[in-house]
Structure formats: C-alpha cells, structure tokens
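Listed in order, the protein sequences are those of chains A and U.
Each number in this note's numbering comes from the position in the first sequence (counting from 1) with 35 added on.
Each number in this note's numbering comes from the position in the second sequence (counting from 1) with 35 added on.
Careful: at least some of the hints might be erroneous.
The list makes no distinction among identical chains, and a pair is therefore deemed to hold if it is satisfied within one copy or across any two copies.
In silico DMTMM-like pairs for lysine to aspartate or glutamate, Cα to Cα no more than 25 Å straight-line [claimed, not checked]:
(1) K271 with E341
(2) K247 with E264
(3) K249 with E94
(4) K256 with D340
(5) K83 with E203
(6) K249 with E264
If you're looking for bench data, these hints aren't it; they were derived computationally from the structure.
2 protein chains.
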Amino acid sequence: MKLAKQFFLVALCIASLSLPAFAADPLPSWNDTASKKAIVAFVERVTKESSLDFVPPVERIATFDQDGTLWAEQPMYFQFFFILDRVKALAPQHPEWKEKEPFASLLKGDVKGALTGGERAMLEIVMATHAGMTTEEFAQTVKDWIATARHPKTKRPYTEMVYQPMLELLTYLRANGFKTCIVSGGGIEFMRPWTEQVYGIPPEQVIGSSIKTKFELRDGKPVLVRLPEINFIDDKEGKPVAINQHIGRRPIAAFGNSDGDLQMLQWTTAGSGARFALLVHHTDAEREWAYGRASSIGRLDKALDEAQAKGWTVVDMKNDWKNVFPFELPK
Amino acid sequence: MKLAKQFFLVALCIASLSLPAFAADPLPSWNDTASKKAIVAFVERVTKESSLDFVPPVERIATFDQDGTLWAEQPMYFQFFFILDRVKALAPQHPEWKEKEPFASLLKGDVKGALTGGERAMLEIVMATHAGMTTEEFAQTVKDWIATARHPKTKRPYTEMVYQPMLELLTYLRANGFKTCIVSGGGIEFMRPWTEQVYGIPPEQVIGSSIKTKFELRDGKPVLVRLPEINFIDDKEGKPVAINQHIGRRPIAAFGNSDGDLQMLQWTTAGSGARFALLVHHTDAEREWAYGRASSIGRLDKALDEAQAKGWTVVDMKNDWKNVFPFELPK
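Go ahead and model the full structure; you've got the sequences and the hints to work with.
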C-alpha cells in the first residue's frame, strides 16, 4: 500500500473511532455547578498539548480517599461491619470471647461498649480478625464477605454504595490519561480483592493501612502469613508518606472528604504547575447523610477551613450531585 | 459511514500498522540458545489468546532484581560508590569523622577497614548519607551523582553499565503487554530518580529497601523528611513481602541473579498457570565478571541449586549474551 493512502486510511479510522468521545457528557451525574466546571477546566488545562500547564500522561496521578469519598462511611466505616461479622463467625473457635472484652460486648451487639477500651481494644479486634491467616486466605474471606454482606440501612451490597458521580469522575480521568489511585485509611488487603471490579482500580494502585506479613515455606509451598502487628497507618500525615513510598511521584490531583485527607491535599497542591484538590462535603441527609465539622466518622473541619482559604473545590453533595448511588439511576 | 465499511477500514489499519512488529528480532543481543528460546516460548504461551495458558494483560506482572540482573554489581554494589562519594562530600561538615569509625577508614579509602564494624557500621554510614534531608533534596543529590559519577574500572557512567540483553527483554515484555517492575535490595529512592529514563520503568513500579520518612510543614510548605531509621529491607524473604505490599498481585515472571532473589522466584513460580523464573549467572570474566557460589556480592548458590532442580532458566552470560553492555554495540 502506498504511504499516502495508508496514512489517509489510518487518519480516517482514528477520526471515525474517536468521534463518539465528544458526543456525550462524561459526567452526567454531576449538576452543572462550579464543582463540575472546575473539574473539567482542570482536566482540559493539563491535557491540551497547547496548554502552558500541559502535564505528560505519566505524571497525571490522581489519588482518591475511599471511605466517604468513593463509597459511603455511615453509620460506621464499612470495614468495621466486616470486623463485626468476622468476630461473630470466629466466635465458636474462641469460647473465651464470651467473657473477654472487647469481644464480649461486640458479640452482644454493643459496639459502643466494646470501644470504651479505646485504641487498645480496637487493635485487639483488628488483629483477631485480620491476622493469623495467609494473604490468600484473607483475600478469599474478604471476597466472600463483600459478595454477600448488606448495609444495615439500604440493605444493598456495600459495593453498590459507591458514589455514581465519583465512578464517572474516575472513568473521565482515566479517559484523559490519568492513573487513578486509592489512598485510604482502610486496610490495603481489605480493598484490593474487589477495587478493580468496582472502581476499575487495579491492586497495585491501591494504597492503605497494613499489618506486617511474613514469608514462609509451608510443606515447600511459599505463603505470606499475616502477623498481628501494625505495619503502617495510612491516614493524615501517613498519606503523603504512603504516596511517596508506593507511587514515588507527587499526584497532580487529590480527592478526599475529611480531615484525614488534609495532608494528602496539602502535599498534592504544593507541587509546581497546575494542581487540583477536591473535598466531598456530605450535605445530603435525604439521599445519603449530612455530617462534617462535628462528626466522629469523616470529620471535615480543619480541611474545610483550608479548602475555603486556598480555593480548593468543595462538593456540596446535595446541590452538586444529580445522582448519589448507582442503584438510583433511571433504568 | 456504513458499519461494514468502517470495520473493514479499521481492520486494514490494524493489519498495516502491526506488520512491522513481526519483522525484527526483539532480542538481538541474545544468542539463539536455550535461554532465549525459553523466554520467547513463555511469552507466546501467555499472550496468544488461543493458548490454554493465556494470561490477561493486567496480570502480566514481571519483576526484576536490579544489582547484577539489570546492571552490574562489581567490584561492589553501585549504591556503595554513591555512599563513599557522599561521605567525602559531607566530610567538611563533619570534622569529627576524621577520628570516628567507620568514617575515618572510609575517608582514607579503606572500605574493608570501615566494614569491620559489621552491620552497625554499615547502618551508620547509610544513615549519615541517606537521612536528614527532604525526599526532594535526596532525589536531586542522586540525580547529580548518577549524571557525573564513573565506574572505577570501565570509567563509564553507571547507567551505561546496564545489560543490553536485559534492556531488550524489558522492551520485549512491555511490547507484549507486561508490566515490568524492579524489586531490588537497593534503596527505593536511590533508584527512582533515573529508572524511568534508563529502563523505561516509572517510579511507581520500582520497589526497594527504604528508610522511614515523616511529613512536616516547613514555613507552611509540606515536605517529607528522611529519618535515620530502617523502614524495610527488600531482600530475600522481604521480596515477596514487598511485592505483595506494592503490587498486590503475584508476578507471572521473575528475574534475578543471586540467593537474594530466591524467595521472589519461589513466590512467583508457586502461582497457578504458566510461570517463568530466570537467573543471570555471571560467567564472563572477560566482558563482565565471573562469580557465583563463593562471592560475597551477588552470591548464587542455593538459588542455583533450586533453579537446576526446578528447571528454571539460567542465563550463562558468556554463551547466551551476544552483547553485554550497550556501549559495546556496533555503532
């Protein structure tokens, strides 16, 4: 084939293939408010080759908190429901738990009572349910749970309580060459078994809190055993540390919803060139929950002040989101 | 455009675009021996959609040791030359080093003497040269050093002492949908500033040993400060642990050269489906170095036994590699 003809055909293909991309609104669950406009303006600013703020695709890193940013976190962090279910499931193997706090309270359904033991009680519960098995056994337990467990209020699987506007945002960013990563206080191995299916985010782009693991040969077969020892807490000051450790590049965009995300947003926006920071403010008591400055879960206080002072984008869920959950979408 | 016509044009484009890929040998610096054949056979086995062992692209993870696998490691690990140069550069700020071991010996050029202090001495040297600055300052120091430092024997920049056959292998794997990752005992932040340029491996795919870092606001500007405390040693049993922590998926192929890589190869090959493990055996005293079972650097003893027992691919550098370093290639 002559080169000119070949070139023509290729150009034709590209033109015909890429046309549909311009046709539809990539963020249909976002109302046409300032938040959506700010997102689109930022993406255009860093992706147009003619733009002064153009960022090469390899540097287009976007980090997302999970709890309260990608999925709901009320009435408690969803991983805590997993913990409660695991305590119940493991109780027959631990008859001593009936008399032993914090397990005794948990088994009676008294979460508040169990947590009067503070951080030490929490740590004991986490280790009893998250350590002592291989990484593969734990991943299977998580997969089984996430496939069957239901949220106490909506009666929906937890993976349906993700935010439709954020799913669209993830897809939109990836379509524009971004690498989307999760940076969550939740357990790294609690998230990885299902984030690819739910968010399109592969395990290597999921960062979270972790316990230590140990390599062992069991009957000649190598396994990684989960140890009852904290490795890393991926919250607050820990988030930039973990981003540096796992990604080794500063994100150009970061998305969170609470004071636990403040340092990630500070770190992201302190880089040179165009930067984007967004906080989801839970203002919708009817479709979701309304909470913020005084909440014990997902407190948004210092980060909200800093967002206002620095002009970060704050999503007003009630007014900015046309839909909240995917199951509300018209079929 | 009618759908059939559009489809025809697209098919034509794809056919015309992909033809050149078949034309050239993707591994020209490999002799036509068993090692090369084993590599090509494995890649075809996991990438052909009709193959029973087909692996989807997202799961095509290949991990590479660095020292002795991607670049040379004699007469000592290259990062140790960096350390020596840093001790010299920092000596004026530390007049006490003239009298204080292990620094006094190092400054006199007596490396052996300095290391009689064992692990404790080594740790002191590492922390004196790797901690106390921000991550950005350290990255700049590494960049400046790697751009100017020269290997004592070849007088070449260290980044030219990479193995040409392995560069071709990295490119070949990536062209076949693999994600290539480094899993090295070397410092993660010592490698990341230059691996993308040298190996085409971006920072988020570089895993290594690390010290702890701490998030701080300095005059309102967020920084990560490098602390004199070991975070993780990415060697031996540490390699599968780090792979699980950073990638969260088991590699399907792993490449190493020493006993420090044994557990990574065990972990990789213990997964289900097609797996590939390769060891580079340094057998070429003329073009490179010849060492193995008795070497203090890059000892290849237990891993060689296991490779032979399990049928892993062992590269005989002298016979399997047509070229060793890129600077030997005919121009």
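- Which numbered conditions among the earlier hints are violated in the structure presented, ordered from lowest to highest? none
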